Amino acid sequence: MSGSTRPLYRLLLTFLLASAAVAHAQANEEPAPDFALRTMDNQNLRLSEFRGEVVMLNFWASWCGECRQSIPALTDLYAKYHRAGLVLLSINVDDDMNRATDLVRGLKMSFPVLFDNRKEVSKLYKVDAMPLTLLIDREGVVRYSHNGYRLGDEEQFLERLRTLLKE
Amino acid sequence: MSRYTMIRTIWMALVLSLAGLASAFAQDAAAPTPPASGDFKSLDSDVQTLKKEVIDLNRDLFVLEEELLFPANTQVAVFVSVDVGTYFALDTVTLKIDNKEVTNYLYTQREAEALLKGGVQRLYIGNLKAGDHELVAFFTGKGPHVRDYRRGATLTFNKGVGAKYLELKVSDKAVKEQPEFLVKEWE
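Chains as they are written, first to last, in this note's numbering: chain A, 1 to 167; chain B, 1001 to 1187.
Only chain B is shown next, with the shape it has when bound in the complex (with noise of 0.2 Å):
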């Protein structure tokens, strides 16, 4: 190869690879032609409409794939509540179904006041066969007078052929002055 040649294609190698370069900033470096001004509103509400669809698009992709991840025979999920929480402040929840564990959330403060305030936060959601389950729910945090508190809830129960609801519930017994812990099965 003479030399002349050599020095062409390592220049036209260069310019290939700048070419795949350039293609891949290609989308951030096409700008928009800027519209007149009197085109912003519309430009405006275009957008608007836009980002209305892609939620839309959003909401029907999760709710499709959690039918096609969960069908509704198989389907089982947990929900957790707080009940007041005066003797007790949730840290952990340990879950375990046929004394596997599924899962174990840590809640940051935040998620402990939202639970406070009333939320109820799904825990878990999975796929069980019909017939007979145990849940074993482990549950630790702060109980009265400050003292670390570990208490464990459990429930025997028959899945069916629709989904299963369960609830996990802390709430206050004033008269032990002491925290309960429920699991409860939804209609």
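In isolation and in its complexed conformation, chain A is listed as follows (with noise of 0.2 Å):
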């Protein structure tokens, strides 16, 4: 091959993974399985009743670094956007309360704090690597999905938040 058609190729290469993507996250629009737990303050929370508003759900462990470091970028934007009509429900998925709670207070967490000691909402949305984090739109239905976090992935999630916000 020679020089000059190796960027045609590439571009090709990307463009169609990027056609690929696209319709592997159309594929993935499907209703939230509901659930309900309990939060830290001895509320019980279910998922249907949030119907009507743009969720956002963020598993976490105390353990997990990336969880430990995107909390503060989400306590930012549910504190920005938490009247634009956001619900952040963050589901701690530790076997140890008490270390979820010192972290939740340490780390002035505004939003509600959900715990899945029985780990059945974290088998329902195939948790496999945390941070988790999946907006749902209006209609109850998964149209984000995002695994792990790097600095700057608050940007992403923002892109798309604004978008089922206006909807």
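Below are the SDA-like pairs computed for lysine to any residue, each with C-alpha atoms no more than 25 Å apart in a straight line:
| hint | chain 1 | residue 1 | chain 2 | residue 2 |
| --- | --- | --- | --- | --- |
| 1 | B | K1100 | A | F35 |
| 2 | B | K1100 | A | E120 |
| 3 | B | K1051 | A | G52 |
| 4 | A | K123 | B | K1100 |
| 5 | B | K1100 | A | R118 |
| 6 | B | K1142 | A | M97 |
| 7 | B | K1117 | A | S48 |
| 8 | B | K1096 | A | S122 |
| 9 | A | K123 | B | K1096 |
| 10 | B | K1052 | A | S48 |
| 11 | A | K119 | B | L1123 |
| 12 | B | K1169 | B | F1138 |
| 13 | B | K1142 | A | L45 |
| 14 | B | K1100 | A | F115 |
| 15 | A | K126 | B | E1101 |
| 16 | B | K1169 | B | A1077 |
| 17 | B | K1096 | A | N44 |
| 18 | B | K1051 | A | D137 |
| 19 | B | K1096 | A | N117 |
| 20 | B | K1096 | A | D95 |
| 21 | B | K1051 | A | R51 |
| 22 | B | K1100 | A | D95 |
| 23 | B | K1159 | B | Y1105 |
| 24 | B | K1142 | A | N117 |
| 25 | B | K1169 | A | Q43 |
| 26 | B | K1169 | A | L45 |
| 27 | B | K1100 | A | S122 |
| 28 | B | K1142 | A | F115 |
| 29 | B | K1184 | B | H1133 |
| 30 | A | K119 | B | R1122 |
| 31 | B | K1052 | A | V141 |
| 32 | B | K1159 | B | A1130 |
A few chain A positions that, by computed beta-carbon distances, are all more than 12 Å from chain B:
| hint | residue |
| --- | --- |
| 33 | E30 |
| 34 | D102 |
| 35 | E139 |
Source of the hints: derived by calculation from the structure; they are not laboratory data.
Computed from a predicted structure; not experimentally measured.
The beta carbon of each residue, even a glycine, is placed where N, CA and C say it ideally should be.
Join the two chains, each given in its own frame, into one complex according to the hints.
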């Protein structure tokens, strides 16, 4: 292959991968499975009761470094978009609830923190890496899913979130 | 392969993948031709009819699915009701049938309020073979003086040929100022 055609092949490959990604994202748009969990404040919350709002689910654990790193960004996002209709449900999967409670207090998390100590909800959402962030639209459909966290990922959340809030 | 042929192949591949993407979005992109103003009324009634048909179809499908998944001869359904509720605020019900946990239901504030207003919730539907079975229900919540409260109720029942309906009933025992938990068989 000549040197001048190599960039064209790269372009083609990128384009094809991008089209595959779009197709994959569309295929993943499934109704969010319903669940009820207890919050740190001893309240029971059920996902289906937030139908009509844009819901962000965030699965995390206190032993996960990336999760701890993502929490300040999520706190900022929630502080800014809560009034616009964002509901953020932070689901902790720790075995020891006390560790999670300490971290929640230390990081001053202002959104509801739910405990999935039976791990039923994590199984329902097939959580295989953490943190897992999902965006659910007003119709209760999972529109965005993101595994892991790196600095700057909140820009992606923000972009998707703004689209959903406008719908 | 000459350079020209190679470039032509790439362009063809690009066009083909664009066509594929276009077909994926075709449903969204295809906007219906706007009807004339006089047609709006009939269009609206058509939409309403269609909506009604969809709702009817959904209901039929739901009934059919239940009949297939839980045939009447093996069906067992458990319902929950709350009467008065002065001495007990429901938080969770754990249901065991033949010593196997079949459901653990957490009640939100809204759900608990709906039960207090007279709502009856179908907590569980499943299949059981004919014969004797044991049902154990554990209720947790806030009891008298807002104290944590946990009580159990047990019933041994015989499952016959037809469907079996059971009700878990929470009521107040005013004399003792305590809640009462009953399991009732529907005839």
